[in-house]
Amino acid sequence: MKNFGYTINKDRQIDFDKTDKRISEYVREHEPSFNICIACGTCTATCSSGNFTELSLRKIITLVKRGDTKGIQAEISKCMLCGKCFLACPRGVNTRNVIIKISQALEKYNI
Amino acid sequence: MNYDPFILPFSIGASILILTLILKYGYWIYKLDKDEKIKIVRGFFSIKLFKGIREVFLESLIHRKIFKENALLGYMHMSLAFGWFLLIIGGSLESKIHSHRPFNMPYEPIFFKFFNHNINIYPWADEFKFIMDFLLLLVLSGVVLALIKRVWSRLFGMKKTTKLRIGDRFALISLWLIFPLRFFAESITSGLYNNGGFLTGNAGKVFAYTLPLETLYYPTWWAYSSVLCVFFLALPYSRYMHIFTEAVLIFLRNFGIKSCKVFNAYSKVEVYSCSRCGLCIDKCPLLTSSRIKDTQAVYFLQSVRNKNVKEEKAFDCLLCGRCQEFCPVGIGLNNIRVSQRLDFAPGLQNFNFINPQQKEKATVAYFAGCMTHLTPTIKIAMEEIFKKAGTDYTFIDKDGGICCGRPLMVSGEIMKAHKLIEKNHNLIKESGAKTLVTSCPICLKSFKEDYKLNIEIIHHSQFLLRLVNERKISLNKSEIKAVYHDPCELGRGCGVYEEPRQLLQKTLSLQRIKNEKESSMCCGNSIGGLHVNHVQREAITMDATAALLKYKPELIVTSCPLCKKTFAKNPETGVKDIAEVVVASMRN
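From first to last, the protein sequence lines stand for chains U and Y. One point on numbering: in my numbering, the residue at position 73 of the first sequence is 73, and numbering is uninterrupted. One point on numbering: in my numbering, the residue at position 138 of the second sequence is 1138, and numbering is uninterrupted.
Because the hints were derived from the structure by calculation, they are not lab data. Careful, some of the hints might be misleading.
Straight-line alpha carbon distances no greater than 25 Å define the calculated BS3-like cross-link-like pairs of lysine-lysine that follow [unchecked claim]:
(1) Y:LYS1024 with Y:LYS1039
(2) U:LYS108 with Y:LYS1307
(3) Y:LYS1313 with U:LYS108
(4) Y:LYS1423 with U:LYS78
(5) Y:LYS1419 with U:LYS108
Please build the complete structure, drawing on both the sequences and the hints.
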């Protein structure tokens, strides 16, 4: 078949049978400000670790909320907890505690 | 030998108490590290022992630090502690002189008046009668004040007094009863046999008219002895354990043992030394601004002692250190708080991505810190000053650096923090610098406390003052009215109070404010706490800003990028870092 330069994207639907909501529920319960994140990305823009590596808190939070928790552990353990994201956050999300709670949940549920 | 069955409760209680104390202290000292044990042995045979004795006298008996805070509260503690101590000494001397023997049974001084009805035949009987009654009056006045304090704590400069647990209630009530019962027992005895001084003698005469002395005589002595027994038995399980433990703590501290972030035997001594005086309660901004009423140091130490630390409580303290500064016992409260976080901290770490290289060599290494990168005007100002002063410097974290490790450290992730410390340590060593200048007090504290750099580590306010004194830069004086906010980590954390003030007085008209230096307020955005939410933090910030704005300054100056960022929300005045102030006055 002739290649016209078009590809078919993989389906991006969220499969509810495969989502893992345990982490987001744990974080929601222990750090309610997790709910008010609007995923603006200010945290990622200011991140100290993000200067050296592709660490994105915005992405992590979005993935946790979606229940797509694979590979989060490797990402979140790059955080130095310096607190720049916390000061920069326009919504007042307690980002440092969100990170700690995600890590705790990962350990708790052995993900 | 004088004997009566009513001395049995006292003797049994006292023996069990002494045995318990010896076992407990012996175990704690045995649990100390080897280095610390060597320090104890060395300290014991040196001048440090006498320094310790002096401090025990001033703090455990006189309670000098509480006196400084509030004279009435100090008097209450002193009258109970020092008064009781002198009663023991006085009673012991009295009974020994009267019996003409250097040793007698330990209960004899306590129940002296019971066993010796005709004391006037002994030498100095009148003097002793007066002194002992005076001391009893002193202690009784303390007990009355303690009762008043329970109801009306504001009189003692305290908005809130400590809450009690059941074990404490036992000890507290028995302690309050000891001296009134002693007073009654001695007065009744004096009413019958006329062997009292000005207090018990006169009271005895009054009681003789109103009370059936013969029937009350024996039961009151029994009650006195039993109450002493209850107090002695409850003591190791109540807050009164501090009476003896504080002395142990003072000696250990004088011998050079320091508190650390891992909970050890010394921390245990510290926890048991807390007298729950409650001075820390009103100092806590989480109480005064955020209305969190159950996390103050005194309650936290209680939960550590009872081994029921809640994660929330371990993490909500901002580590501003105000409580520690005012703790009359000198307990390392921040370290104890951090030590309780270790159990809850997740252990994941993946810092292999960080591999920065230091290429330049210079005599001064400048480390801006994460927070300074968030408020870039500070680092721009510093670079301008370095260039104008002709300093041979290298900017360690110019392209965005690694965190100093303190945020991880105080969150209980010590292993993770050490990874960062190692990387930064190498960077700084490679620069070959002799002086490390940092703009962030959090980094400063970390470099001083957790790194072993063996070079001079100073804050930029100290460095700038040095440049001015060495005439490398010159400043113009302006009449701008300014107030200076002491950052927690720089002031209470590192003890830098004077240099920023000296520097600012050269360029601005600096106002003195009420809560400055040791009692400076936290800005509210400290990285020391994880749990406190946005609204609670905002409340602290509002109060701290309002306290500064009360002096109607044209400018708020601070020397911490984190404080600057926090105060910048306030629209009424400008907020500047000390480096920016210096740069502005150089340009003029």
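Broken hints, numbered, in rising order? none
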